[in-house]
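Listed below, chain by chain, are the residues.
There are 2 protein chains.
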Amino acid sequence: MIVTIVNVWVKPEYRDKFIEATIENHKNSIQEKGNLRFDFLQDKNDPCKFTLYEAYESEEAAKAHKDTPHYKKWKETVENFMARPREGLQHKVIAPEDISLWK
Amino acid sequence: MIVTIVNVWVKPEYRDKFIEATIENHKNSIQEKGNLRFDFLQDKNDPCKFTLYEAYESEEAAKAHKDTPHYKKWKETVENFMARPREGLQHKVIAPEDISLWK
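Read top to bottom, the protein sequences are chains A and B.
Each number in the working numbering corresponds to the 1-based position in the first sequence with 15 added.
Each number in the working numbering corresponds to the 1-based position in the second sequence with 15 added.
A hint or two may mislead.
Copies of the same chain look alike in the list, so a pair counts if it works inside one copy or between any two.
Said to hold, decoys possible - The calculated lysine-lysine pairs, modelled on BS3-like cross-linking and capped at a C-alpha distance of 30 Å, are:
id, residue 1, residue 2
1, 88, 59
2, 48, 26
3, 90, 42
4, 88, 64
5, 118, 26
6, 64, 90
7, 42, 118
8, 48, 118
9, 42, 26
10, 42, 59
I should point out that these hints are in silico values taken from the structure, not numbers from a laboratory.
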């Protein structure tokens, strides 16, 4: 399993459009084979900072996400919405160890 | 729903002890009423950086976590293991909106 935490800082005037585009990406991403979670969060103290919590069964499945039409569309759509480059941090899973608990 | 992302930087010599204490905290925390997730992750590029992904049904449930014996024990145990103060970032959930998808 692999979890990527993606932090995104959005320009205030594009906040609603970013949310709309990312909900669409979320809905498609959770349908991917190998996706375990794709949570979309908003920082409680900074409404322009968002986090995507993307859990995949394997590194291959995480990489395959970047080849999907919905990811490519999202990336292109939101590029100009960002106040600065997004940050993607990859993680190993320590717990829960049992993959069935992630489904 | 509320998600707290806790980032912890651990002194290398305490890494194994930190993992042990945090697995115990994880096992108890997922039993709490109101807990939805308590994922324990290790940064892929920095084995001394860890992340806890703590999802609760409500702010009250998230606060109640800090009153549990297992949280208090963890906090006391790991205090000296940390290379610098931990960081806890609270988030609103945008998606999935349906709480049943978090259980």
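Each hint, compared with the structure:
no., hint, in the structure
1, 88 <-> 59, "both (27 Å within a copy, 27 Å between copies)"
2, 48 <-> 26, "neither (32 Å within a copy, 38 Å between copies)"
3, 90 <-> 42, "within (15 Å within a copy, 37 Å between copies)"
4, 88 <-> 64, "within (20 Å within a copy, 32 Å between copies)"
5, 118 <-> 26, "neither (34 Å within a copy, 33 Å between copies)"
6, 64 <-> 90, "both (16 Å within a copy, 28 Å between copies)"
7, 42 <-> 118, "both (16 Å within a copy, 18 Å between copies)"
8, 48 <-> 118, "both (12 Å within a copy, 20 Å between copies)"
9, 42 <-> 26, "within (23 Å within a copy, 39 Å between copies)"
10, 42 <-> 59, "both (22 Å within a copy, 27 Å between copies)"
This entry does not satisfy hints 2 and 5, going by the numbered hints stated previously.
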